Amino acid sequence: MAGICENCTKGNKLSGTPRGRMMQTTPLPSYFASASGNYDTPTYTSKALIICPDPFGLGLDNPKLMADIFAEKCGIDVWVADTFKGNPPLKSEDLEPYMADHPGQQIPFLSKLWARLYMIKSIPSIIPFRPSVSDPWLVEFIANLRKEYGYERIALNGYCWGGGYAVRLATMPGVIDLALPAHPAGSYGYAMPNVVVPITYFISEVDDQWLPKVAASVQEQWKTKPDAPRFQVITYPGTVHGFGSRPNLSIPKVKESWEKYVSDVVDVVKELL
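Numbering of the sequence shown is given in UniProt numbering, commencing with residue 1 and proceeding in unit increments.
Just so you know, these hints were derived from the structure itself, not from any lab. Just so it is clear, the structure is predicted and the values come from calculations on it, not from any experiment. Wrong hints could be hidden among the right ones.
[Stated by the list, open to error] DSS-like cross-link-like pairs, simulated, lysine-lysine; straight-line CA separation at most 30 Å:
no., residue 1, residue 2
1, Lys91, Lys13
2, Lys260, Lys213
3, Lys213, Lys223
4, Lys255, Lys213
5, Lys270, Lys47
6, Lys253, Lys91
7, Lys270, Lys73
8, Lys270, Lys223
9, Lys270, Lys260
10, Lys47, Lys73
Whole structure, please, built from the sequences with the hints as guidance.
Here it is, written out as structure tokens:
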């Protein structure tokens, strides 16, 4: 089953302590980062950003910390949807350093073999969250946020497996208003030509999960469609799959690209949401 690559199981933890709150009243368990910082009597913004995490789910604090960052920098509420319902395919204790922190790094054969075996072992744990099952969960979650909190416009920012959600839901009119997939993985290629909202792909320099030929074909087709949504691809030098959610910030080039990625997300949200 597509969707788990060697670098999906690798990465680094971001430093810091989440400032938001876990919410159990939404259709999916979720983490809420308020733009106001007030959780006793919060004032909800008219726009919101939803984050779909990678296969580590909320077992890592990384998506929560990203939500805090974006809530502050974008000035809107941010939610992290636990699309794995508390049972992520990969556990935080399984997190290992990247096989390659940057493109061109030489990896020992045994390390590659171990990663392949671990990748195969992880496949059954992600099958329960295949798109036909979990996409409707997320659609319901988003509809609930609009109804209960009054959000008028919603952007979806997904990482790795979560990036697939951003692409697929972008094909559904009225579900989201802006798609922001970062190094997407899993089943998403078939959806790329059918996107109906503005979409920006944030892609690592080296990524086996990215589909450059499909992206180029879509861009070429949309040139002749005056009503086609905005389609943008931003590539980050010195990075590998997973850099957006689990970057090794001790490497200067990775840190530079990751900070540029954060800035780019903020800019796109402010411009198009």
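Against the structure, the hints come out as follows:
Under the criterion of a C-alpha separation no larger than 30 Å, the hint pairing Lys91 with Lys13 is consistent with the structure, at around 13 Å. Pair hint Lys260 plus Lys213 holds up; C-alpha atoms about 25 Å apart against a cutoff of 30 Å. Pair hint Lys213 plus Lys223 holds up; C-alpha atoms about 16 Å apart against a cutoff of 30 Å. As the CA atoms of Lys255 and Lys213 are separated by approximately 28 Å, the hinted pair is consistent with the 30 Å bound.
Straight-line distance between C-alpha atoms of Lys270 and Lys47 comes to about 10 Å, which keeps the hinted pair within the 30 Å bound. For the suggested pair Lys253 and Lys91, the alpha carbons sit about 27 Å apart, so the restraint of at most 30 Å is met. Taken as a hint, the Lys270 and Lys73 pair is honoured in the structure, with Cα atoms around 10 Å apart against an allowance of 30 Å. Between Lys270 and Lys223, the direct Cα distance comes to roughly 24 Å. Compliance with the 30 Å bound is thereby established for this hinted pair.
Distance check on the hinted pair: Lys270 and Lys260 sit about 15 Å apart at the alpha-carbon level, within 30 Å; holds. For a cut-off of 30 Å, the pair hint linking Lys47 to Lys73 stands: about 14 Å separates their Cα positions.
Violated hints for the displayed structure: none, as all numbered hints are satisfied.
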